[in-house]
Amino acid sequence: MAHVQIRNVSKIYADGTPAVTGLDLDIAAGEFLCVLGPSGCGKSSTLRMLAGLEEVSTGQILVDGDDVVGRPARERDIAMVFENYALYPHLDVFANIAMPLVARRRPKAEIRDRVGRIAGTMGITEHLAKRPGKLSGGQRQRVSLARAMIRRPKMFLMDEPLGHLEEYMRIELRREIRALHEAAGGTTFYITHDQEEAAAVSDRIAVMSSGELQQLGTMKELIERPANRFVAEFVGEPPISIFEELRATGTEVSIGDWRLPLPPGSRKARPASAGVRPAHFRIAGSDMPGLSAEARLVQPMGESAAVLCDTPAGDATVIVPMAAVPREGDRFRLVAAPEHVHFFAASGRAIRSGED
Amino acid sequence: MSRNREAKRAAIVLVSPAMLLLFALNIFPVLYAVYISLHHWSLASPNPPRFAGLFNYQELWYDGRFSNSLGVSATFIALAVLIELALGFGLAFLFNRKLRGLETLRKLSLLPVMAMPLVVGLVWFYMLNQNFGVTNWVLSLFGIGAQPFLTDGTLAMLSVVLADVWQWTPFVMLVIFAALQSLPEYVFEAARMDGLTEREIFRRITLPLLRPAILVVLVIRAIDAFRMIELVFMMTKGGPGGSTEVLPWYIYTTGFLSLDLGYAAAMAVVMIVLVTLGAQVFVRKIADPGAA
Amino acid sequence: MASMDTSTARLAPKAARAPGSLGTGDILRYALASIFVGFCLFPLYMVLSTSLKAEADIFAFPPAWSFRPIWDNFNDALFVFGGTGVMPFLLNSVIVTAASTAAAVGLGAMVAYGLTRFRIRGGSHLFFFILSTRFAPPVAFVVPLYLMVRQTGLMDTHLALILIYTSMNLSLVVWIIRGFFEAIPVEIEEAAEIDGYSRLQIFFKVALPLVKPGLITTAILSAIMSWNEFLIATVMTQNKAATLPVYLGGFSGSMGLEWGPYMAVGAIAVLPIMIFTLVLQKHLVRGLTFGAVR
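Residue numbers (numbering that gives the first Met the number 0), protein chains in the order written: chain A, 0 to 355; chain B, 0 to 291; chain C, 0 to 293.
Isolated chain A, as found in the complex (with noise of 0.2 Å):
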């Protein structure tokens, strides 16, 4: 397990295309940590530059103080499971799971007897002599991440390991995943573009965008304290409802009809926009104050339902429980507790109570 720290890392590739800028990140041994972003982001990039699949073209890669950039991938010590699984396709999974530790020339009794077990963990025990062509994409992955714990590398990295399966093999094998880790022991870089996986299996959460980190921490803070509007757009399900025009007078701002205190952190940046998280509406009758909202479409989600509202802000989202879901066209008012209000400035940037 190794403590690995990204310092002020850069990619720029080959036709002048950035894919990662100025990236800072620390990943504490032990931790597991999920890199989340939409496609494009430069997550995968990160991620083939700690493995050494892609130079780094400024910055640092530090393992437990090392700075590897410019070693080659076999030196790094990191093992690594890909989206498409990558089994050699002319191996039957027993050699496939067995190749790093043939790579590293260990006694064949060994490898036999490792092999064996790790195949026993995995529940892929009767595979062994098949070829990866004749397995299920579950199947496949296993003997990826077998191949993966056959050795107690300093890192794991999963490229989006669950990526190419269906929903209730994801489920099942992100379970297994977080309970390898935990296993091992190892540290564990993790991608993924699915925030529920992301919550499920990681210590903390790393959102990027555009090539920069976002926000890092747990799935809690980034839903109650986003840095700033695009982590709150991201993050959280269903998305979080964004008022964009504001009014801002003295020491009040209006969302709408609705009156809010500024936050004590807008004094240099003007709020621009404002967000409430779904679940943070609660409706409440026409007398109250807060936001004058229709209910347009009920959307059922089980237990609870959805509702988007018309409203003079524009649309919002609300999560009412199902036994109080009001009907289309019903008319009430959407109330939030000021904390649960995000304002963002132009620049996207959150404005946040107790800051600057």
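Where hints are given, some of them may not hold.
[As the list claims (entries may be wrong)] Quick list of simulated restraints, FRET-style, between CB atoms:
{"hint": "1", "chain 1": "B", "residue 1": "275", "chain 2": "A", "residue 2": "16", "range": "53 to 59 Å"}
{"hint": "2", "chain 1": "C", "residue 1": "184", "chain 2": "A", "residue 2": "244", "range": "44 to 50 Å"}
{"hint": "3", "chain 1": "C", "residue 1": "195", "chain 2": "B", "residue 2": "42", "range": "54 to 60 Å"}
{"hint": "4", "chain 1": "C", "residue 1": "27", "chain 2": "A", "residue 2": "76", "range": "31 to 37 Å"}
{"hint": "5", "chain 1": "C", "residue 1": "211", "chain 2": "B", "residue 2": "27", "range": "44 to 50 Å"}
[Claimed, not checked] If you only want the chain C side, here are some residues facing chain B, beta carbon under 10 Å, derived:
{"hint": "6", "residue": "28"}
{"hint": "7", "residue": "35"}
{"hint": "8", "residue": "36"}
{"hint": "9", "residue": "84"}
{"hint": "10", "residue": "146"}
{"hint": "11", "residue": "191"}
{"hint": "12", "residue": "248"}
Keep in mind the hints are simulated off the structure, nothing from the lab. What you are looking at is a predicted structure, and each value in this text was computed from that prediction instead of being measured. Where a beta carbon is used, it is the ideal one built from N, C-alpha and C, also for glycine.
Since chain A is already given, all that's left is putting chains B and C on it; use the hints.
Same frame as chain A, but now just chains B and C:
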């Protein structure tokens, strides 16, 4: 008309013309060749063909010229195909890099493959001329005297091999290059992550993954080299002293210069049997591409 | 991202250098590639240059690298050489090549479609039979074919060559076009069926246009094979229907006398194909590598 009946009729309409043609010009000739080979059948003789049983095959058994031609064919195939394979393999890796201009060079190298074999024989015959040929001029640059390329037995064989290598190495290169390009990048990345060295990646990953393509190109080339006749026709006429008399040349001269069709047909039957055995490997490869 | 290069050489860790600059390895690569391409092109250059040389330059040793090109050899080759010149044979080659290519591609596409879209009993055996005819050595078939052509009175006719070449090219056509048909989603044809097309109409109006690249590829390869074929042609034709290779081969006994016109005939036989090859090389490559790479 029911959907099934219509489908069946359509299938027959689509498939039967070609099948008729193949039956007439592929299956029937094989049977006919067997029939002819069982007869004394000479175009030079005024007598009609007469049944001879296995006479022609017995003759083959004792015919030193026939066994020589088999040996010459085997030598030619082995030399030509091995050199083409070795060069083509190396060149495929050579061209497998994204560098400006390399693709254009690769495209240009395709030209010999499509050239008329007769003209290939013609130009190499000219270039290998002992007195004014350019090959002897090249040798003279290295201080080597003029060589009798086409009149010495060993050199004549090597000359024909050279012309074949010139024509077909680009083909071998092209096939292996295409196979190399079709290998998935991620497998190599996985191998690097697994800690394999460059040499191990080549031996354990690249080479086994290329094996099916190499096998296919080997069989195609071997069978095509077996049928080669144009280079011999233009460059050596089987000589000197039978040193380049490959089986096709012996069949051709027996049938159409000596006009002994019965004997030529017996050799043709032997050749068909040999090719069929070789082609089995190929067809099985196509039938089950998974088995490497 | 998707780099073309999967060689192990690339996998070596590279020192960071400015994009565009060349390492010594790359220079060596260019050098070797250039030598190889030079080797590939040189004999073709010899065909062309010799056909433009006067007799003294042809027999010069050391070879005459610089010379005054003359057109006499081409004039000879086209109209005089061998009594008639190459023209009638050129015409025969064009007729035979065009007809046999059209027939092979047409019949081959029909078979390929029939075998992919209809469950014919023994269809896969049929396919492998067709595939295996690719390996039929012409020299082994030429004896029975010669007698068959003689007995049917087709000696020295275009038809004999057209039929034989068509059968020789069928396997390649079926093999390649089948791959193209398999790539068409059946739903497209089912939609056409619901729209009221008959099975044969679907073949001609829906399926065939969709495999046009395959038809082009196989047509090119068939045409080149027919154009270049020598053995069958020389046995089956003497003069009325004799093709270019027959004409060219006819002088092989008297070689050494008239290199100029002889090479000019060679140039006429090879140059159109070379231009063809360069222009259409993408199609050719796909056809040539088919089977080894899918």
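Structure-based check of each hint:
1. 275/B - 16/A: 53 to 59 Å: Check passed, 56 Å falls within 53 to 59 Å.
2. 184/C - 244/A: 44 to 50 Å: Check passed, 49 Å falls within 44 to 50 Å.
3. 195/C - 42/B: 54 to 60 Å: Once the Cβ atoms are compared, 59 Å apart, the range 54 to 60 Å for residue 42/B and residue 195/C holds.
4. 27/C - 76/A: 31 to 37 Å: holds (33 Å)
5. 211/C - 27/B: 44 to 50 Å: violated (34 Å)
6. 28: holds (6 Å)
7. 35: Status holds, d = 6 Å.
8. 36: For residue 36/C, the interface hint holds, since the closest Cβ of chain B sits about 5 Å away, which is under 10 Å.
9. 84: Nearest chain B Cβ about 17 Å off; hint violated.
10. 146: holds (7 Å)
11. 191: violated (13 Å)
12. 248: holds (6 Å)
Hints 5, 9, 11, counting from the list given before, are not met by this structure.
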